[in-house]
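Colleague: Given next are the chains, with one letter for each unit.
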Amino acid sequence: DAKTTQPPSMDCAEGRAANLPCNHSTISGNEYVYWYRQIHSQGPQYIIHGLKNNETNEMASLIITEDRKSSTLILPHATLRDTAVYYCIVRAYNFNKFYFGSGTKLNVKP
Amino acid sequence: DTGVSQDPRHKITKRGQNVTFRCDPISEHNRLYWYRQTLGQGPEFLTYFQNEAQLEKSRLLSDRFSAERPKGSFSTLEIQRTEQGDSAMYLCAGGQGTQPQHFGDGTRLSIL
Numbered sequence: 001d002a003k004t005t006q007p008p009s010m011d012c013a014e015g016r017a018a019n020l021p022c023n024h025s026t027i028s029g030n031e032y033v034y035w036y037r038q039i040h041s042q043g044p045q046y047i048i049h050g051l052k053n054n055e056t057n058e059m060a061s062l063i064i065t066e067d068r069k070s071s072t073l074i075l076p077h078a079t080l081r082d083t084a085v086y087y088c089i090v091r092a093y094n095f096n097k098f099y100f101g102s103g104t105k106l107n108v109k110p
Numbered sequence: 001d002t003g004v005s006q007d008p009r010h011k012i013t014k015r016g017q018n019v020t021f022r023c024d025p026i027s028e029h030n031r032l033y034w035y036r037q038t039l040g041q042g043p044e045f046l047t048y049f050q051n052e053a054q055l056e057k058s059r060l061l062s063d064r065f066s067a068e069r070p071k072g073s074f075s076t077l078e079i080q081r082t083e084q085g086d087s088a089m090y091l092c093a094g095g096q097g098t099q100p101q102h103f104g105d106g107t108r109l110s111i112l
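Residue numbers (our numbering), protein chains in the order written: chain A, 1 to 110; chain B, 1 to 112.
Don't read these hints as lab results, they were simulated from the structure.
As the structure is a computational prediction, the values presented were derived from the model and not from experiment.
Just so it is clear, CB atoms sit at the ideal spot from N, CA and C, and this is done for glycine as well.
Do not rely on the hints blindly, as some may be mistaken.
[As the list claims (entries may be wrong)] Only pairs whose alpha carbons sit at most 20 Å apart, straight line, appear in this in silico DMTMM-like list of lysine to aspartate or glutamate:
1. A:K97 <-> B:E28
2. B:K11 <-> B:D105
3. A:K3 <-> B:E44
4. A:K97 <-> B:D24
5. A:K97 <-> A:E31
6. B:K57 <-> B:E68
7. B:K11 <-> B:E56
8. A:K97 <-> B:D105
9. B:K57 <-> B:D1
10. A:K3 <-> A:E31
11. B:K11 <-> B:D86
12. A:K3 <-> A:D67
13. A:K97 <-> B:E56
14. B:K57 <-> B:D86
15. B:K71 <-> B:D105
16. A:K3 <-> A:E14
17. B:K14 <-> B:E68
18. A:K109 <-> A:D67
19. A:K69 <-> A:E55
20. B:K71 <-> B:E56
21. A:K105 <-> A:D82
22. B:K14 <-> B:E56
23. A:K105 <-> B:E68
24. A:K97 <-> B:E68
25. A:K97 <-> B:E83
26. A:K105 <-> B:E78
27. B:K11 <-> B:E28
28. B:K71 <-> B:E28
29. B:K57 <-> B:E44
30. A:K97 <-> B:E44
[Unchecked claim] Computed far set for chain B versus chain A, every beta-carbon distance over 10 Å:
31. R31
32. F65
33. R81
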């Protein structure tokens with residue numbers, strides 16, 4: 001599976017959009033981009049995933065660049081409850097395990 | 001709520017003791033995974049089941065570790081002769097087909 005690079009931490013003001021970048025320059029054509037987040041003392045929570053098209057659900061939007069070498073997770077209106085570690089993972093559908101990096105610690109501030 | 005439950009949530013034991021954790025995914029989860037997470041790090045893969053068959057084991061899973069999934073439903077992870085380095089959060093995740101994995105809230109193991 002391709003490796004990902006994320007900034008270790010980011011700050012965001014409450015009510016503003018949080019844009020979390022992820023670099024995955026070695027991604028293969030059959031690898032999807034997944035985003036999970038982990039709030040302290042809880043298990044990772046699935047947010048969204050995509051292959052090459054932009055995706056949106058009730059939690060977030062995922063923007064994948066045309067060359068698929070990077071992506072951005074967008075939380076449109078961050079709240080204090082969005083403070084968490086966000087993990088970007090790339091994985092082929094026919095592989096099973098996830099490789100988690102260290103993620104990005106998002107601090108949403110009032 | 002992901003529907004994946006883990007028991008116990010916390011376990012404190014003395015070094016050298018054996019411990020067993022349980023994971024109950026939802027019935028649709030034909031795939032089941034165990035991960036380990038130490039402080040400040042992301043989860044690390046330990047092992048994977050497709051129904052009752054254990055298909056992959058990480059080299060992190062030493063011979064003191066054993067996992068089972070009888071009848072393809074719940075799973076257990078046992079650690080024998082626990083060591084200080086086994087202190088971690090043990091996470092279980094369930095999945096169905098090509099759908100994303102859904103995690104439980106883990107069992108936190110502390111070795112005295």
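Colleague: Run the structure past the numbered hints and jot down the numbers of the failing ones, going up.
Modeller: As far as the earlier hints go, 7, 9, 15, 16, 17, 18, 22, 23, 25, 26, 27, 31 are violated by this structure, in ascending order.
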